[in-house]
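A.B. asks: Each chain, written out:
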Amino acid sequence: MISILNMDYKIETQNLNLYYGKFQALRNVDCSFEANRITALIGPSGCGKSTFLRCLNRMNDLIPGVRTEGRVIINDQDIYTPGADLISLRKRIGMVFQRPNPFPLSVRDNVTYGLKIHNLADRGEWDQIVEESLRNTWLWHELKDGLRKDARLLPLDQQQRLCLARIVATKPEIILLDEPCSALDPIATEKLEELMRTLKLTYTIVIVTHNMDQAVRISDSCGFFLLGDLVEFGTTEQVFEKPADTRTEKYITGHFG
Amino acid sequence: MERHFDLELEELKHTILTMSGMVEEAINKAVTSLEKLSPEIANEVIQADTRIDRLENEIDEKTIAFIVRNQPVAGDLRLIVMATKIGTDLERMADLAVDIAERALELTGQPLIKPLIDIPKLAHLAQKMTHESIESFITLDGELARAVRTQDDEADSLRDLVTRELTEIISRDCSVAARAIPLILVARHLERICDHATNIAEAVVYVAEAKLIKHGEED
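Heads up: the protein sequence lines correspond to chains A and B, in order.
The first sequence begins at -19 in our numbering and counts up by one.
The second sequence begins at 202 in our numbering and counts up by one.
Bear in mind the hints are in silico, worked out from the structure with no lab data behind them.
Careful, some of the hints might be misleading.
Subject to a maximum C-alpha distance of 25 Å in a straight line, what follows is the list of computed BS3-like cross-link-like pairs (lysine-lysine) [what the hints assert, rightly or not]:
(1) A/Lys124 to A/Lys(-10)
(2) B/Lys412 to A/Lys230
(3) A/Lys124 to A/Lys151
(4) A/Lys151 to A/Lys180
(5) B/Lys286 to A/Lys222
(6) B/Lys329 to B/Lys230
(7) A/Lys222 to B/Lys412
(8) B/Lys263 to A/Lys222
(9) B/Lys415 to A/Lys222
(10) A/Lys180 to A/Lys71
(11) B/Lys214 to A/Lys230
(12) B/Lys286 to B/Lys263
(13) A/Lys230 to B/Lys263
(14) B/Lys214 to A/Lys222
(15) B/Lys322 to B/Lys412
(16) B/Lys286 to B/Lys214
Stretch-level coverage of chain A by chain B, calculated; a stretch enters the list once three of its residues show a Cβ under 8 Å from a Cβ in chain B [as the list claims (entries may be wrong)]:
(17) 188 to 201
(18) 221 to 234
From the three backbone atoms N, C-alpha and C, an ideal C-beta is built for every residue, glycine too.
Assemble the whole structure, with the sequences as input and the hints as a guide.
C.D. replies: The following block contains the structure:
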């Protein structure tokens, strides 16, 4: 167990390096994420932002040849300590991907899936948790009469919110989103953004986005990655009004490319 | 890399430059109309004001269109927001030039109450601050902009000096009030021009350095 000095931070990385074989994808990334805030990670393709996001729940461990150095401290615990409990870690951290990935099950079974495998609640409570989770992701009125429906038949935006409902049902602390709106139209995107604003009251949210307008709209803090470096990290207002680094300025004003 | 909106930004800057050139000319002519008590020159200043008003609208339209189309951030955002403010300041400076020209018309045909000493000094300072504030905008020179700002106290002192002196003259002989009050107003108009030049300079510091220094925030 490693104690961190500043307990206001939910997630902290220290000297984080990541290698895909010989290629270094992250270089000495130090940053802290406050609880109940939305942090957006921006940067060009291949800059390391998704790789970084996957470090936060050790998803990169699943990729052959990946080596990680440094610390990722979540709630005073270094998740890269040998012997860290990965199952309990991933229970505390939910993740949403670019393409919605509902399981080939009914709407209801998708929501209860995490409860079942982690044995989180009595079966008697499931109905209530399903309703709560669907309400919290604004799906209840749309889906309450179709709980037995195959989740894969839902429209994409409902599928994406169902993936969030599946996460919310297990009551995690942190939600990671990797370009969650890239498959959605503007109306569905707006709805998901509004949903994130309400979810941050309960969860700590980190989102990777290619859409800088989206980063400006929804995030409280923002990090800019370039070639594996976290070039700049600050409040969203500061980054988009007066970026400290000229590389950030160039990227957000469209000078790169 | 050249961006699709760089040309639009250049056009906007160009409009501000055109407008500032006209405002400088209006101030210079207004001061001359007062020095020479020339109704012709005073009327030229008054007539030119409509074109300056139109340019203010043009700047507003361009900046709004730019924001709608490009959602600017960082340096672009700072420039766009301050461009509208600079447009407003320039328009007010032109109005003050008109006010001075109108005072010149009021004074035409009457002997001057006394030789003008401090008003030409204040006029010269207003012209200098106007010119330098615009130059600092063209070159986005924060240092020059800060230098403009430091001259504002001198403008205030000169206005106070003129006001005090003329008030004393009126208090001795109130029959000269009709010739003295326009000069008090001229001093006020010129000092207000210096205030607007200071605003422009502060806007330039924000564009160049992302620091809001208005209302003594930096002092």
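A.B. asks: Each hint should be assessed against the structure and marked as holding or not.
C.D. replies: Checked hints:
no., hint, verdict
1, A/Lys124 to A/Lys(-10), "34 Å, violated"
2, B/Lys412 to A/Lys230, "19 Å, holds"
3, A/Lys124 to A/Lys151, "21 Å, holds"
4, A/Lys151 to A/Lys180, "13 Å, holds"
5, B/Lys286 to A/Lys222, "19 Å, holds"
6, B/Lys329 to B/Lys230, "14 Å, holds"
7, A/Lys222 to B/Lys412, "9 Å, holds"
8, B/Lys263 to A/Lys222, "23 Å, holds"
9, B/Lys415 to A/Lys222, "17 Å, holds"
10, A/Lys180 to A/Lys71, "18 Å, holds"
11, B/Lys214 to A/Lys230, "20 Å, holds"
12, B/Lys286 to B/Lys263, "13 Å, holds"
13, A/Lys230 to B/Lys263, "23 Å, holds"
14, B/Lys214 to A/Lys222, "21 Å, holds"
15, B/Lys322 to B/Lys412, "31 Å, violated"
16, B/Lys286 to B/Lys214, "13 Å, holds"
17, 188 to 201, "holds (count 3)"
18, 221 to 234, "holds (count 8)"
Checked against the numbered hints above, the structure breaks hints 1 and 15 and satisfies the rest.
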